[in-house]
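**Student:** Below, each chain spelled out in residue letters.
There are 2 protein chains.
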Amino acid sequence: MALKFTVLKTASDSAARLGLLETAHGVVETPVFMPVGTQATVKTMTPQELEAVGAGMILSNTYHLYLRPGSDLVKEAGGLHRFMGWQRSILTDSGGFQVFSLGKLRKISEEGVEFRSHLDGSKHFISPEKSIEIQMELGSDIAMAFDECPPCPAEYSYIKESADLTYRWAKRCKARHDHPYQALFGIVQGGVFPELRRQSASQLGELDFPGYGIGGLSVGEPKPVMYEMLEALDPAMPRDKPRYLMGVGSPDCLIEAVLRGVDMFDSVLPTRNARHGTVMTRHGNLTVRDRPFARDFAPIETGCPCYTCTHFSRAYIRHLFKAREVLGLRLATIHNLAFLIRLMEEIREAIRQDRLGQFREQFFAGYAG
Amino acid sequence: MALKFTVLKTASDSAARLGLLETAHGVVETPVFMPVGTQATVKTMTPQELEAVGAGMILSNTYHLYLRPGSDLVKEAGGLHRFMGWQRSILTDSGGFQVFSLGKLRKISEEGVEFRSHLDGSKHFISPEKSIEIQMELGSDIAMAFDECPPCPAEYSYIKESADLTYRWAKRCKARHDHPYQALFGIVQGGVFPELRRQSASQLGELDFPGYGIGGLSVGEPKPVMYEMLEALDPAMPRDKPRYLMGVGSPDCLIEAVLRGVDMFDSVLPTRNARHGTVMTRHGNLTVRDRPFARDFAPIETGCPCYTCTHFSRAYIRHLFKAREVLGLRLATIHNLAFLIRLMEEIREAIRQDRLGQFREQFFAGYAG
Chain A
0 MALKFTVLKT
10 ASDSAARLGL
20 LETAHGVVET
30 PVFMPVGTQA
40 TVKTMTPQEL
50 EAVGAGMILS
60 NTYHLYLRPG
70 SDLVKEAGGL
80 HRFMGWQRSI
90 LTDSGGFQVF
100 SLGKLRKISE
110 EGVEFRSHLD
120 GSKHFISPEK
130 SIEIQMELGS
140 DIAMAFDECP
150 PCPAEYSYIK
160 ESADLTYRWA
170 KRCKARHDHP
180 YQALFGIVQG
190 GVFPELRRQS
200 ASQLGELDFP
210 GYGIGGLSVG
220 EPKPVMYEML
230 EALDPAMPRD
240 KPRYLMGVGS
250 PDCLIEAVLR
260 GVDMFDSVLP
270 TRNARHGTVM
280 TRHGNLTVRD
290 RPFARDFAPI
300 ETGCPCYTCT
310 HFSRAYIRHL
320 FKAREVLGLR
330 LATIHNLAFL
340 IRLMEEIREA
350 IRQDRLGQFR
360 EQFFAGYAG
Chain B
0 MALKFTVLKT
10 ASDSAARLGL
20 LETAHGVVET
30 PVFMPVGTQA
40 TVKTMTPQEL
50 EAVGAGMILS
60 NTYHLYLRPG
70 SDLVKEAGGL
80 HRFMGWQRSI
90 LTDSGGFQVF
100 SLGKLRKISE
110 EGVEFRSHLD
120 GSKHFISPEK
130 SIEIQMELGS
140 DIAMAFDECP
150 PCPAEYSYIK
160 ESADLTYRWA
170 KRCKARHDHP
180 YQALFGIVQG
190 GVFPELRRQS
200 ASQLGELDFP
210 GYGIGGLSVG
220 EPKPVMYEML
230 EALDPAMPRD
240 KPRYLMGVGS
250 PDCLIEAVLR
260 GVDMFDSVLP
270 TRNARHGTVM
280 TRHGNLTVRD
290 RPFARDFAPI
300 ETGCPCYTCT
310 HFSRAYIRHL
320 FKAREVLGLR
330 LATIHNLAFL
340 IRLMEEIREA
350 IRQDRLGQFR
360 EQFFAGYAG
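Protein sequences appear in the order of chains A and B. The letter at position 30 of the first sequence is residue 29 when you use numbering that gives the first Met the number 0, and the numbering goes up by one with no holes. The letter at position 345 of the second sequence is residue 344 when you use numbering that gives the first Met the number 0, and the numbering goes up by one with no holes.
Derived from the structure by calculation, the hints contain no laboratory data. A hint or two may mislead.
You can't tell identical chains apart in this list, so a pair holds if it fits in one copy or across any two.
Said to hold, decoys possible - Pairs of lysine-lysine, DSSO-like flavour, derived with a Cα cap of 30 Å:
| no. | residue 1 | residue 2 |
| --- | --- | --- |
| 1 | Lys321 | Lys106 |
| 2 | Lys173 | Lys122 |
| 3 | Lys321 | Lys42 |
| 4 | Lys74 | Lys122 |
| 5 | Lys321 | Lys122 |
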């Protein structure tokens with residue numbers, strides 16, 4: 000097992016933890032935020048720019064890479080790291096979430112999921128075993144078990160059945176997984192029902208995965224419900240394994256989830272926001288393409304050390320968006336990723352000094368997000 | 000006058016010249032190729048990436064910047080260099096070519112050109128004086144006189160009238176131009192008629208501009224006709240002033256035009272090609288998005304020292320294009336600009352060693368372009 004996780008420190012007044020996560024491609028400090036590179040590229044960014052904003056681990060999507068360019072091609076290229084020129088760590092999701100998002104285009108059975116490609120309508124079947132095989136071909140550092148991600152809201156009975164299926168699939172994933180350096184994480188489901196969450200955590204805990212995803216949150220439920228689930232899960236999850244809250248990336252959720260014991264995050268939020276001309280700041284989001292910024296020659300965020308803020312003005316970036324120039328997307332993406340990754344650094348520093356509660360107060364005092 | 004041009008060497012068997020062109024923002028060796036940054040950005044590139052591929056001077060378009068974001072805004076930002084974060088030299092065109100390309104949307108008179116914006120249909124009027132005022136607000140290092148760029152093909156009588164108008168406008172531009180460091184170039188017209196070309200060169204020569212554009216070529220006439228015009232112009236143009244062949248950027252035309260005494264070039268070709276998935280190589284263009292490259296793990300051009308070729312494969316770049324990822328446009332643009340700028344370096348080195356004729360033979364032996 001190439002994955003090593005060390006809890007360096009736990010907060011005295013919350014479940015927040017400072018840790019080190021080591022994979023075959025490097026060490027990252029946790030809590031960590033992973034930018035999303037769905038199609039073997041974090042949208043608009045080069046690997047060098049990702050390193051420059053401080054990214055140590057990225058997420059890539061199994062469903063997309065399986066369909067295009069194909070995991071066999073990625074394997075032939077020498078694996079995903081080599082294919083995309085990224086030397087640091089990569090986590091791949093299982094493809095489950097994307098497949099279930101296809102709605103009518105997919106059919107779930109005990110065996111797996113039949114679906115039609117969103118690209119060309121071709122028919123495919125992904126079983127837990129197949130998801131693992133694809134992820135092994137991709138050669139990511141962390142693979143995720145194939146889970147069912149139920150819709151929200153959903154009935155208790157549906158969620159219970161779904162969590163049970165996810166558990167059975169997790170066992171099959173583990174049985175199939177066999178890779179020299181890749182680690183396989185289980186995924187805790189259970190919807191918005193604390194007891195199902197705890198049961199899922201307990202069942203998956205018995206399978207002794209080297210880490211755990213927390214799935215099915217941030218899918219439409221109110222934020223306080225997500226926080227409640229994390230609180231219910233904290234005592235039920237193994238303390239010495241990394242906990243990865245899937246698909247969460249807004250600054251307030253990051254802080255609240257870290258306080259509830261989460262170590263890893265991913266989200267398309269910073270990159271998607273950037274593409275819509277929305278930049279993230281300590282005072283909340285700012286739509287830099289709006290008219291008020293036309294003659295605003297200040298940087299997006301004064302004092303921000305990122306490439307964008309040290310070289311370009313809001314007025315210039317607004318111009319690029321109005322003129323539909325690619326550089327606008329790039330500069331906004333660089334800033335948003337740098338902003339979130341720096342926020343995580345500050346969170347880690349606050350845990351180190353055991354003042355994360357205070358950090359939260361100060362952050363929310365200035366944040367209108 | 001901030002512009003200084005020095006001819007360092009002239010070929011023994013052709014009109015090719017090696018020179019140094021110094022502006023308020025640096026020195027470039029000539030012959031030089033200028034990437035085009037129409038809307039205050041060379042599409043997809045940061046200024047730092049432009050420096051890395053070796054660009055020393057870029058072109059930006061007066062018509063586009065006048066309409067958006069407005070030259071007054073650029074002036075308020077501290078000028079175009081500061082607005083876009085580019086420290087090296089900038090040449091602006093006059094807006095003439097773009098305005099005339101509007102077709103039915105414009106009306107030419109002795110006074111100037113009335114036209115409707117391609118963005119919102121609003122009515123505008125640009126006179127020679129207005130073009131110069133806009134360019135002074137932009138603060139480029141080299142401004143171009145406002146000329147009429149006639150269609151091709153066109154009758155002798157039309158071209159003659161047009162060249163005469165361009166001459167009268169050139170005088171008005173010169174009278175209006177008053178800038179601490181910006182140099183103003185005249186533009187030679189005359190269509191495909193050698194005597195009109197020579198007459199235009201002679202008339203403009205009398206106005207003693209610090210440099211001359213050669214306009215109205217590369218607009219549809221066959222390449223041999225363009226070469227013939229350059230040959231006709233060579234003896235008629237002042238030898239101590241830089242000669243700028245506007246809108247030309249294919250490798251074969253660059254070599255042939257340098258052999259006929261041209262010092263400066265600009266073209267959207269490398270950046271536009273890149274956006275369509277076409278990369279430029281010593282063996283000709285290559286449509287990297289085509290299927291044969293799906294499993295081609297070699298770089299675009301083996302031995303090319305550019306960032307793209309030293310980090311990424313054809314297969315990866317093809318994937319990015321198929322997946323419509325911005326990084327594909329970026330990597331192709333970086334390579335194409337690096338390729339053309341390196342070609343110019345090789346051309347200069349060949350002039351230095353007085354073997355440009357030999358270089359041409361070798362180049363065309365391998366080029367299928």
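**Student:** Given a CA cutoff of 30 Å, do Lys321 and Lys42 count as a within-copy pair, a between-copy pair, both, or neither?
**Tutor:** The answer is both: 20 Å in one copy and 14 Å across copies each meet 30 Å.
**Student:** For Lys321 vs Lys122, is the C-alpha pair at or below 30 Å within one copy, between two copies, both, or neither?
**Tutor:** For Lys321 and Lys122, only the inter-copy Cα distance (20 Å) is at most 30 Å; the intra-copy one is 40 Å.
**Student:** At most 30 Å between C-alpha atoms: does Lys74 with Lys122 qualify within a copy, between copies, both, or neither?
**Tutor:** Intra 22 Å, inter 57 Å, cutoff 30 Å: intra-copy only.
**Student:** How would you label the pair Lys321, Lys106 (within, between, both, or neither) given a Cα cut-off of 30 Å?
**Tutor:** Cα proximity of Lys321 and Lys106: across copies only (28 Å, versus 42 Å in one copy).
**Student:** Cα distance capped at 30 Å. Does Lys173 pair with Lys122 within a copy, between copies, both, or neither?
**Tutor:** within (26 Å within a copy, 68 Å between copies)
Violated hints: none; the structure is consistent with every hint.
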